[in-house]
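Number of protein chains: 4
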Amino acid sequence: MSDAKARIAILGASGYTGSELLRLLLRHPRVAIVALTADRKAGQAMADVFPQFAPFDLPKLVTIDELDWSGIDLAFCALPHGTTQQVIKRTFEVAPHIKIVDLSADFRLRDPGAYEQWYGHPHQALELQQEAVYGLVELYRSDIRKARLVANPGCYTTTAILPVVPLIEAGAIEPENIVIDAKSGVTGAGRSAKESLLFTEVSDGMHAYGVGTHRHMGELDQEFSKAAGRSIVPSFTPHLVPMNRGIYATIYVKTAPGVGAAGVHRVLADFYHAEPFVHVLPAGQVPQSRFVKGSNMAFIGVVPDRQPDRVIIISATDNLVKGASGQAVQNMNLVLGYPETFGLEQIALFP
Amino acid sequence: MSDAKARIAILGASGYTGSELLRLLLRHPRVAIVALTADRKAGQAMADVFPQFAPFDLPKLVTIDELDWSGIDLAFCALPHGTTQQVIKRTFEVAPHIKIVDLSADFRLRDPGAYEQWYGHPHQALELQQEAVYGLVELYRSDIRKARLVANPGCYTTTAILPVVPLIEAGAIEPENIVIDAKSGVTGAGRSAKESLLFTEVSDGMHAYGVGTHRHMGELDQEFSKAAGRSIVPSFTPHLVPMNRGIYATIYVKTAPGVGAAGVHRVLADFYHAEPFVHVLPAGQVPQSRFVKGSNMAFIGVVPDRQPDRVIIISATDNLVKGASGQAVQNMNLVLGYPETFGLEQIALFP
Amino acid sequence: MSDAKARIAILGASGYTGSELLRLLLRHPRVAIVALTADRKAGQAMADVFPQFAPFDLPKLVTIDELDWSGIDLAFCALPHGTTQQVIKRTFEVAPHIKIVDLSADFRLRDPGAYEQWYGHPHQALELQQEAVYGLVELYRSDIRKARLVANPGCYTTTAILPVVPLIEAGAIEPENIVIDAKSGVTGAGRSAKESLLFTEVSDGMHAYGVGTHRHMGELDQEFSKAAGRSIVPSFTPHLVPMNRGIYATIYVKTAPGVGAAGVHRVLADFYHAEPFVHVLPAGQVPQSRFVKGSNMAFIGVVPDRQPDRVIIISATDNLVKGASGQAVQNMNLVLGYPETFGLEQIALFP
Amino acid sequence: MSDAKARIAILGASGYTGSELLRLLLRHPRVAIVALTADRKAGQAMADVFPQFAPFDLPKLVTIDELDWSGIDLAFCALPHGTTQQVIKRTFEVAPHIKIVDLSADFRLRDPGAYEQWYGHPHQALELQQEAVYGLVELYRSDIRKARLVANPGCYTTTAILPVVPLIEAGAIEPENIVIDAKSGVTGAGRSAKESLLFTEVSDGMHAYGVGTHRHMGELDQEFSKAAGRSIVPSFTPHLVPMNRGIYATIYVKTAPGVGAAGVHRVLADFYHAEPFVHVLPAGQVPQSRFVKGSNMAFIGVVPDRQPDRVIIISATDNLVKGASGQAVQNMNLVLGYPETFGLEQIALFP
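First to last, the sequence lines map onto chains A, U, C and Y. Residue numbering for the first sequence follows this note's numbering, beginning at 6 and increasing consecutively. Residue numbering for the second sequence follows this note's numbering, beginning at 6 and increasing consecutively. Residue numbering for the third sequence follows this note's numbering, beginning at 6 and increasing consecutively. Residue numbering for the fourth sequence follows this note's numbering, beginning at 6 and increasing consecutively.
Extracted from the complex, chain A is given alone in its bound form (with noise of 0.2 Å):
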């Protein structure tokens, strides 16, 4: 693709994690925004919708129906799920040539009845969910890179997912003893008009939602049993915190016998040595949230519980970036075959 610009469209641009994409690639050196869609709000000037980029040059907001798919290379879609499969089956029909990156939950379970059971309906484009490639970039690089469809994962999942999988592979914790105290960010709910998510609904107090019933639990058991090679139902609590941009998991796990924390630190910082948006601290230390705000990184920390071989592990991320958009970036660079690093550069912003 030589120095070209890849030619990018965001579907669905008028909430969060479009409007984060937007925030991340207006610093990528090798893509150039040509489309961006916004059903409701079409006709809109981006700055309309979100004031912070007056002063950028940007498309119009136009409706999905009025794209042109042949001057776009590769799209960001970031619509409600159910809606999506529909879009994007749609979309590779017109347009095959297309890649895409999906932010909603459509493609990210791969069996079809786990996706009926927890979206309650049956899927409507099950080629293309086969096709999909789950987008946890750190386990699935090399499937990206070949990859049309790439399911972006959840916010929660990738938070847990990131300490987790390596240690069930490796065989240093039980994997039915698992207990994941999820604390999300209020971006995590969207830009949709709710009373539970106003500020006076939300600010100065906190509470477990969704409790036995969260929809990501669906990705935590697909990717803990493919880790385990059995079924594997881990607890889950997501909690909604006064904070705009954060996923705090406080993850509660047995090892195998003579592990202890020191060897599941091990096995983290030998697994992600490398990795240049994973950061494992020093043994015993504990991450903020704060430390990842507005960055695609995940600060894991490990500290032994009180117990023999029960150990604490905790993965913070910003659910915007890498819950969300940035890993989105992520997967676009990989795709597209540039560096994976290109406009993920920022630093986390504190205060």
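Note that these hints are calculated values from the structure, not bench results. Remember, it's a predicted structure, so these values are computed and weren't measured experimentally. Beta carbons are placed, not taken as given, at the ideal position from N, Cα and C, and that holds for glycine. Watch out, some of these pointers could steer you wrong.
[What the hints assert, rightly or not] If we take Cβ atoms under 7 Å as the criterion, some of the chain C residues that face chain Y in the derived model are:
id	residue
1	V39
2	S201
3	M211
4	H212
5	G215
6	T218
7	S236
8	I237
9	S240
10	G251
11	R295
12	P313
[Stated by the list, open to error] Below, a list of computed lysine-lysine pairs in the DSS-like style, where the Cα atoms sit at most 27 Å apart:
id	chain 1	residue 1	chain 2	residue 2
13	A	K65	A	K10
14	C	K10	C	K65
15	U	K199	Y	K199
16	A	K46	A	K104
17	A	K259	U	K94
18	Y	K46	U	K199
19	A	K10	A	K94
20	C	K231	Y	K259
21	C	K259	Y	K231
22	Y	K10	Y	K151
23	U	K46	Y	K199
24	A	K94	A	K104
25	Y	K65	U	K199
26	Y	K199	U	K65
27	A	K199	C	K199
28	C	K65	C	K151
29	U	K151	U	K104
30	A	K259	U	K151
31	A	K65	C	K231
32	C	K65	A	K199
33	U	K94	U	K65
34	C	K259	Y	K259
35	A	K46	C	K199
36	A	K199	C	K46
37	A	K231	U	K259
Based on the hints, put chains U, C and Y in the right spot on chain A.
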């Protein structure tokens, strides 16, 4: 004591638990605030330290040494641990008639060895350590009524003990498999000037702290072990969340075979059904920390986990009220023979 | 009315001013809550809408049409403007014995033309508009005592009028040179689901809104002009600040020659020295919004500006209490002949 | 300087302006960070002080005395005022080749008397005070290009001067009638441990501070008076708002007869139309502080007040970027002959 008002002193009135005691006691029909101490701010008016009290007529702040104990019936002690045991020892020597509700950690651990292990030095008032009654009202009400010295429990421990101890005592859960993931508002860390507690360091993000070392674990071990009749060591991780008030404990338990979430809920609903300050939500409902903010209530929810016989229990309190000053007033009411709810009828402030 | 309890209805109990009324009235010794309405949530328990009330025994939510007015002595009306005037008109027709404290804007403006200008349509209950008393207690106490319909003032206007009107009346300031820069907590915008009020849209930042168009200016004009005896049009800019509660008004005035900050302070200190809910700070001291949070107090500070005869006045209230439901209870106390402070003795919740 | 990288030192790297400089400079294509000083934390890694830099390879923190000036081309000085003037004086003595961008207040006031008035002691480096160029880029660009010592302006002053000075110079407003009501995020107060800056003291509420005494008024007086050609003393009130970043200035002005809001908008739109970092919004639109968070942009809005010839101007910056470190990098780019936007292309992080 007829209709007379008990004469109350607050030692350590310049901290948050001190001001919270005052907020509650100023609405109590049967107490008179006769003394407020704050060694470093002695000479100042309470309104200089906490302007919200400006409209009230209150005694000036004095040093402890200036107190005339003969005019005092009961003292709340809201001083740092370590110095507390010396102050209380001396107080009982010069004024044996005094009743004391102590909000520090000094008299919570019954075992001198445990105290030394968690606090790093031998206890300086061993006989008082034996005499003190652990002030978790719902468990020790009758002992508290007769006590001269009440050790008000910690905020994390109150929040975790309320749901867990009745379940251990009922044989409903496996005490060896308890994971407590606890989150605290920032007032839990007090009012001293530390870089790590600046707005800029703790807003818009979160983190775990004291993993494997937090001293409230000594209290949990003591009370869980007492309930189980054998040594119990739960997993416990405290987190700091950008909210002013609230302890939010997400507790993962494994029940005895066949008990499940329904059994857990029944035990707790029965145990607390007549308690004025513990509210067990309908099965499957989850509390929010904000629904107890400013009130003495504990809200408890019970939800089934996805695996049989695994249950998620969520317990929420205001760390400054039921987790500190509110429970201290509740203890005072018992010690002085007042109705337990006096001064504590305020409703949560939401939003 | 001897020791009997007045029978109270709250119309519009599912909003923040409704729940705040309930919080205060549940601690009032002489009222009984006999009805709560919420048209869209009729049939639900108040605890479904506001879980903090779960421990209390309360009437179920009903529609206004279901009310039996014969069992009601006084109603608080916390409904949207526009519909309010129709509801109240009909209520007085079927139940002329009722007293009403209205928290909407419908009866605050005495001049039908001003109402039409600010609200965009002619008033539907002109004779009631003339009858209503403006419920700024400290200025209209004796009229309120005799009123059947009290128009509870807006939060911004209460906060600004308290310091400004006595100064205009005393001739201490130039009414033509008043700049009011006002900041509000987010509860001021109510509980309806709007994108612009999401946590993610209003946390960790601030902005002005309604510049030159905010309807509370109609009230300011009315009261300032009445005090000055001529038409006064102050500068007024409202801002939204990431806090739940609080109106914080920074007011820039030019005094009559030689009056200065000392003169301004003297006028206000004298005017309010016997008032239970207005506290004028010592000269030169500045209030914080958090020192009135949850209380019915207004705190006022006076500081000299750098130019002679320019003074900065700062006024702080809790928009849901003195700015809405607290002042409404204060009005109710006057209307029912109760001591003015009943139900309003709570102290600010800080932190 | 061809393609070589300038060798940069940051003095005072353990504060927020220091870390913010580093965040920006690590993305700058033509600089190399060769030294970081922090006297009290010397010997530590930057990642110990600011963990977000853990993934980067950086020089260890050293004391200023350990610096080898011969290997440094330009130093940013982010030290407290007072000590700064002594450090810089000594630096120029031993290393006259050095360029310095100073972020303290020490060299902002040209008049030694004004300095002494606001800072309470005579200036210790009078000749440097005369030499220093005031680094408000949009006003002093050509002087800055030739400067050896640039005095980076204060955050409040940058935000207010940008809209006000061009209006004074154009004769569009009355300089005697300027009221600046300014609100700041908490990072503006730095990282030192003070009770008044604890999360618990500044969250969920707001307050004015430094009324009539804030030192940034010295800068405002200087620049406004210079523009007007006579002594100007604006009203100015700073407030602390519970947000991490942002200066939000609401400015009330009286225009020259007939100029009005349209005239004010035209002057500002013309003045800034080619500037990369100042964005004048369409007439009538109001900025939010969050739309410049993390970016070097200033957003300015102009709205008519209700009285003829009164106008409300709103100016928003990020106090750590355009109000401090971003503008410092902009100054560095001018001093070193680089394109002005290098290192400053990041887009605001919202939410």
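Each hint tested on the structure:
1. V39: violated (34 Å)
2. S201: violated (10 Å)
3. M211: Because about 5 Å separates C:M211 from the closest Cβ in chain Y, which is inside the 7 Å limit, the hint holds.
4. H212: holds (4 Å)
5. G215: violated (9 Å)
6. T218: violated (9 Å)
7. S236: Violated. Min distance 11 Å.
8. I237: Violated. Min distance 10 Å.
9. S240: Where the cut-off is 7 Å and the nearest Cβ of chain Y is about 5 Å from C:S240, the hint holds.
10. G251: Constraint on C:G251 satisfied, holds at 6 Å.
11. R295: holds (3 Å)
12. P313: Since chain Y brings no Cβ nearer than about 10 Å to C:P313, farther than 7 Å, the hint is violated.
13. A:K65 <-> A:K10: Roughly 20 Å separates the two Cα atoms, so the pair holds.
14. C:K10 <-> C:K65: holds (20 Å)
15. U:K199 <-> Y:K199: Distance of about 7 Å is within 27 Å: holds.
16. A:K46 <-> A:K104: holds (25 Å)
17. A:K259 <-> U:K94: Roughly 44 Å between the alpha carbons, so the hint for A:K259 and U:K94 is violated.
18. Y:K46 <-> U:K199: holds (16 Å)
19. A:K10 <-> A:K94: holds (26 Å)
20. C:K231 <-> Y:K259: Distance of about 25 Å is within 27 Å: holds.
21. C:K259 <-> Y:K231: Between C:K259 and Y:K231 the Cα gap is close to 25 Å, so the pair holds against 27 Å.
22. Y:K10 <-> Y:K151: Holds, because 19 Å separates the two Cα atoms, which is no more than 27 Å.
23. U:K46 <-> Y:K199: Status holds; Cα separation ~16 Å.
24. A:K94 <-> A:K104: holds (12 Å)
25. Y:K65 <-> U:K199: holds (24 Å)
26. Y:K199 <-> U:K65: holds (24 Å)
27. A:K199 <-> C:K199: Measuring from Cα to Cα gives roughly 7 Å; hence the hint holds.
28. C:K65 <-> C:K151: violated (32 Å)
29. U:K151 <-> U:K104: Given that 27 Å is the threshold and the Cα spacing comes to 10 Å, the pair holds.
30. A:K259 <-> U:K151: violated (44 Å)
31. A:K65 <-> C:K231: violated (51 Å)
32. C:K65 <-> A:K199: Roughly 24 Å between the alpha carbons, so the hint for C:K65 and A:K199 holds.
33. U:K94 <-> U:K65: Roughly 25 Å between the alpha carbons, so the hint for U:K94 and U:K65 holds.
34. C:K259 <-> Y:K259: holds (15 Å)
35. A:K46 <-> C:K199: holds (16 Å)
36. A:K199 <-> C:K46: This hinted pair holds, its Cα atoms lying about 16 Å apart.
37. A:K231 <-> U:K259: holds (25 Å)
Hint compliance for this structure: hints 1, 2, 5, 6, 7, 8, 12, 17, 28, 30, 31 are broken, all remaining hints hold.
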